[in-house]
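Student: Residue 1 is where the sequence shown starts when you use my numbering, and the numbers rise one by one after that.
Just so you know, not all the hints are guaranteed correct.
As the list claims (entries may be wrong) - DEER-style ranges, computed between Cβ atoms:
(1) L275 / C102: 25 to 33 Å
(2) H252 / D144: 32 to 40 Å
(3) Q278 / P126: 44 to 52 Å
(4) M71 / T125: 23 to 31 Å
(5) P285 / D139: 20 to 28 Å
(6) G100 / T125: 19 to 27 Å
(7) H252 / P130: 45 to 53 Å
(8) V94 / K50: 18 to 26 Å
Note that these hints are calculated values from the structure, not bench results.
Even for Gly, the Cβ is constructed at its ideal location relative to N, Cα and C.
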Amino acid sequence: MSNQAHLSSNADTKFVVQFWGVRGKIAATGKQTIRYGGNTPCLEMRVGDKRLIFDGGTGLRILGNNLLRQMPVEAYIFFTQTEIARIQGVPFFVPAFIKGNCFHIYGAAACNGASIKQSLSDQMTPPNFPVPIQVMQSDLKFYDLTPGDTVTLGEIEIETCLTKDSLKTIGYRVTWDGHTAVYVTCAEHNLKASDKNLLHLVRQADLLIYDSASNSQETGDCGLHGKSVKSCADELEPWDNCFWQTCVETAHTAGVKQVVMSCYEPDYNDDFLDLMEQQIQSAFPNSLLAREGMILSVY
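From just these sequences and the hints, can you work out the full model?
Tutor: The following block contains the structure:
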């Protein structure tokens, strides 16, 4: 069996990654984002007999609706940070309101010092939201992480690494049965591929999932604002300066087998993302852009 991640139709695969939300900052739904999707970040990994969820953007609502057919549900939810796009789906995660389900929730302290439990609770405190987190009837277990911690769930090992100090963002490396998927989000734009912590996290990974979103203040305005396909192509030159190149360089240096980019700017329409994918594949052929609903098997 190939040591690569592939689009999978094999229900028997033991290590499966599914994308439920692929948009950064704010949801972007409409006819211009149909092919790639407009929900904010949510990634599911089904590893062995356990279900891992990374980030709780609006894609978490869609995942939750699918889980209603599989109850009772036990899952492990890991947050990369508590910026609104990563947690805004939690109040709409229906399985959390149903008694008999169990969710283990992990996250590092936010930049203001708030624990993951406090951050999620504050989001659901009036007037932000009419229903407090205490109304959730499932068993919610909270665990505070410090970047660099390793979490062990049976035969699954989950390593962590700080990827953006200003937002206390952490990346995750999930290893099971000799295979590894890494989720790196909101990395520092000046983070170099020679960074030892980053290289250690992504070393020899079968699959590296990396944030493609740019910061216009640091990389130039990469937004499209409804421009035509021709205009999209014209925009690719300034987009060359965006920090996805750090991902490609890191992947080459660390021996990563496949790269998937995700968490797109809300103004990136489907046509522009098609062009982005072509550009990334020219630098790293075994790469692609995530689409909502896309399933990958990690071999």
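Student: Compare the structure with each hint and give your call.
Tutor: Right, here's what the structure says about each hint:
1. L275 / C102: 25 to 33 Å: Since the Cβ atoms of L275 and C102 sit about 43 Å apart, the hinted range of 25 to 33 Å is violated.
2. H252 / D144: 32 to 40 Å: holds, 35 Å
3. Q278 / P126: 44 to 52 Å: holds, 47 Å
4. M71 / T125: 23 to 31 Å: Holds - the Cβ-Cβ distance for M71 and T125, about 27 Å, lies within 23 to 31 Å.
5. P285 / D139: 20 to 28 Å: Because 45 Å falls outside the window, the suggested range is violated.
6. G100 / T125: 19 to 27 Å: holds, 26 Å
7. H252 / P130: 45 to 53 Å: holds, 49 Å
8. V94 / K50: 18 to 26 Å: holds, 21 Å
The structure fails to meet hints 1, 5 from the earlier list, while all remaining hints are met.
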